[in-house]
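Protein chains in written order, with the numbering used here: chain A, 15 to 390; chain B, 32 to 323; chain C, 268 to 620.
Calculated from the structure, these hints are not laboratory results.
These figures come from a predicted structure and were not determined experimentally.
Glycine residues also receive a C-beta, built at the ideal position from the N, C-alpha and C atoms.
Be aware that a few hints might be false.
Claimed, not checked - Subject to a maximum C-alpha distance of 25 Å in a straight line, what follows is the list of computed BS3-like cross-link-like pairs (lysine-lysine): (1) C/K608 with A/K21; (2) C/K532 with C/K608; (3) B/K151 with A/K21; (4) A/K181 with A/K156; (5) B/K151 with B/K119.
Claimed, not checked - Just so you have them, the derived chain A footprint on chain C, three or more residues with Cβ under 8 Å: (6) 280 to 286; (7) 358 to 365.
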Amino acid sequence: MLSLIYKQCYREIGRVALTVLVIAAIIAEMLILEGFLAGMYVQLRNAVLNRSGDVVVTQAGISNFIAARSILPQLTRLAVEELEGVREAHPLTALSVIYDRDGRKTPIIILVYDTAGGPLEIVTGSPIGGEREIVIDRSLAKRYGFTPGDTITISDFDFRIAGISEKSAAFFTPFAFVTYDDLIDFYLESDIADDIATFPLLSFLLVETEPGADPAVIADRIRQEVPAANAFLPGELAQRDEDLGRELMGPILGLLLVVSYAIGALVIGMFMFAAVRGRQRSLGVMRALGFTPRMLGMAVVIEAGVLTLLALPLGIALSQILATIIHALAPVYLILPTEPAGLVRTAVICLALAGLGALAPVRLIAGMDPAMVFRS
Amino acid sequence: MSGPILRAEHLTKTFGSGNTEVRAVDDVSLDVARGELVAIMGPSGSGKTTLVSMLGALLRPSSGTIAIDGVDITTLGETGLSRLRAQKIGFIFQSFNLLEVLSVEDNVLFPAHLALGGVKAARPRAAALLERLNLTHRRVALPRTLSGGEKQRVAIARALINQPRLIFADEPTGNLDSQSGQEVMMILHDIARDQGCSVVLVSHDQRIEDVADRILWLEDGALRDRKAEPHSWVRDPVCGMRVDGWTASLFAEHHGRRYVFCSRRCLERFEAEPDRYAESAVQPSPSAERSE
Amino acid sequence: MASISAVAGAFALVLFFEAVFAGESDQIVAYIEHSDADVWVMQKGVSNMHMATSFVWDWKADRVEAIEAVNRVTPILYLNTVMEAGARNWFSFIVGLEEGDPRAGPWEMVAGEAHPGPGEAVVPSVLSDLTGLGIGDGVSIAGRDFSIVGLSGDTFSMANSITFIAMADLSDIMSTIGSTSYLLVDAAPGVDGAALAARIRETVEKVNALPKAEFIDSDWEVAMQMGLEIIGLMTFIGGTLAIMLTGFIVYTHVAQRERELAVMKALGVRDRAIYAGIMFQVGCITVLAFLLAAGLVSLAVPLTEWLVPQITLSVTAEALLRVGAAAVAVSLAASVMPVRKVVGVDPVSAFHE
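Next comes chain A alone, as it looks inside the complex (with noise of 0.2 Å):
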């Protein structure tokens, strides 16, 4: 019966290249958006987790890094200092501003730091050296075209591009670093605020732990001591914003994918019921020779399954080369669709929908007249 089947794919090559096609073109739809998901928790961790640091502190009652307004008093940082077991605590702000040049409005996030938390890596150019400068992740440089050298103007303020970071842009929106020397000059002279009082000194301390301190203990004592602040392990921290960002966008992609694995299904179905009623003679002539129609409805059911399989490298290669293509053009989107998770699900949904959509013609066999291989 393999080898039947076997024969048959091999004399229906065009319809089986094409049926692969698109059963691949399915999986790399479901893997794009399954990447889209696990890209988005990734950069939403690394968010937190590129900005070093033992703890994270956060103003009293905030718990995310991303998407929450935290606001720390100057004299937190003296007081987490005097802490015991804490080495020093690095200031970070972060200003939510959305950049505008000839009405094209691009929401950054910029990241003020002065001893830590400033961008990891860095592809073009080089880190901060000298006054009012940035650097800029990829994604805004490649929307604007910007190249190290070019001037930035952030609310009438122009910065001077030193260097182009990578990894630096979470939940859609990329980041900015600039530091803390050019951070009153920005709130004095730019647009954005004519009294510094309203705008963010300190959002986040970065805190490096003595050697041989716990962190964790460290973090209690800052929660009991510190009653302005509250304070997580960056892996803590990490977790929460992909909490959040699996609350907020997990729903939404969930809807797409339903949707994508019922559009699946119902394809397979219709390529499947497609090569049935092609072979609707033959599958006649073999219940005249006495096979069940259960043994005919398993091989359209095997036939699927490995017309999958089949698709299933393919799609997986098709939706790395998309993702490859997505992140190069907008960089601003990480999509892993290779994320080991993601792709044992897709996998074992699309062999599922594969015997769903192998059902109709299974019906479709189960309904047929085996005496209909006495017409002519």
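Take the given structure of chain A and dock chains B and C to it, following the hints.
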């Protein structure tokens, strides 16, 4: 085991219901003995294919019973019928119905997947059958490269591979030239005589009468006595064409006489001016224009 | 029919993606849309609400109100942050309302009070459906607890649910004194919004003023830009899928009718005419599939909103046009597939068995 290999009793098959009900097979009873070659003949639309579909366990009768090798098949479920077909019945079709993607040998071996010994055990039998049917040199060929006669010989080999007790052949010579048709009939005859395998054959081919042990005549779904003469030639009063009075389906009565027509068009023209055509009609007696 | 449904499925997928995205984008501007101020005043250099921060000193409200053509000025404080409700985090627009002034509050109430006092919050009714929280239950914003006093309608989306609290409370959370975020300006009857906005920009220093429509466009643009690439990609994948499906269907139809084509050729019909017939067939399949997809999506939209209330969907004319254009491209690309098959049919085969 003694007794007939096939016994059908009061077999009826109706299609549709109410006004549209058609009785395709009407109270047919028959026995086929082991090693017997029975030919079922009759005009087109007489129910031959429906009857053979029921006898071959492909179609369930509306009423009546069929016993193959002593087993009442009308009580079997779908799986039981499939197993019965796989193990005890072979089929030969007018349009060959070979699996186009398989080679000659694979086609022959295909039903062996369902036999007790499987394909491996069937290989020597397949080789012998191919040899006997003069197909060894075409063993690896695909069906589309074969002639009609070769295709039908492959189909015969396929029907025999599981050593069935019964073979049903539906118009096996219908798509063949005269010489190939003759050859196929002789093979079927030899199968019945040499292997003790019963053959039930549906055909219009007159030559079958020479090899069949028994001829059954099916007309309007029922077995009837066969006329002494094979045909009753009469002339259509409108166009003058020769028509078989026994099998024709278009008639008209005029002044106590029965007229037969080749087509509805002729019938309508006759009905419009019956006197004109009745006068000119020459109605020979059935024996006056006997066929060859 | 099965064939058309499969192509329709691919189109429906694209339309659905666009509907999800447009629905979310609609919700982003819902507050601006419904609060219906003629002009919005914000900090200079800011022209958005979504993802933006704006501060305007409260005395500037008096300056704006003093302008002749201004009927009324309503200040609000605004923060884009995370709210904790029912042990989950929700992205929220928190709007701080002046006590006792209902002007900028919720536009549709499902239950309870529309105007929150100190320590009180008006949350979207969908949030209450999703979390099981009701009036009297608590939510937490930036570590502060608020008691739900009202449930508002049409204020929920995954990207930005709108929660209303008292301005004093939000001012505390944001550590601001004496400043607001935006001023909602109602013009005197007969005054043009754009002219008034220009006048405010001239009269009051370091503010930006935008008429309602322009402010909405500005936020829409940010929202759309954020998802454009993804939507573009999905349209591309869906479109490719549709091309392959339509091509496959037509190819199969042609393959099944090879004999008919041979007869047609034997009768003297030219390849070109046969091909025109195929193009017509492809066109019909595509048009029917597109119509079916549009129908499917218009059925799926209310169904999804009922099943998954946290998602807002919107089928826009632009999306339909875009997918319609994709459908035309699909039909052209798909009709190329059976060309070789048509040309390769041998008219002599009409005489073969």
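Evaluated hints:
no.	hint	result
1	C/K608 with A/K21	22 Å, holds
2	C/K532 with C/K608	13 Å, holds
3	B/K151 with A/K21	19 Å, holds
4	A/K181 with A/K156	14 Å, holds
5	B/K151 with B/K119	19 Å, holds
6	280 to 286	holds (count 3)
7	358 to 365	violated (count 1)
In this structure, only the earlier hint numbered 7 is contradicted, and the remaining ones agree with it.
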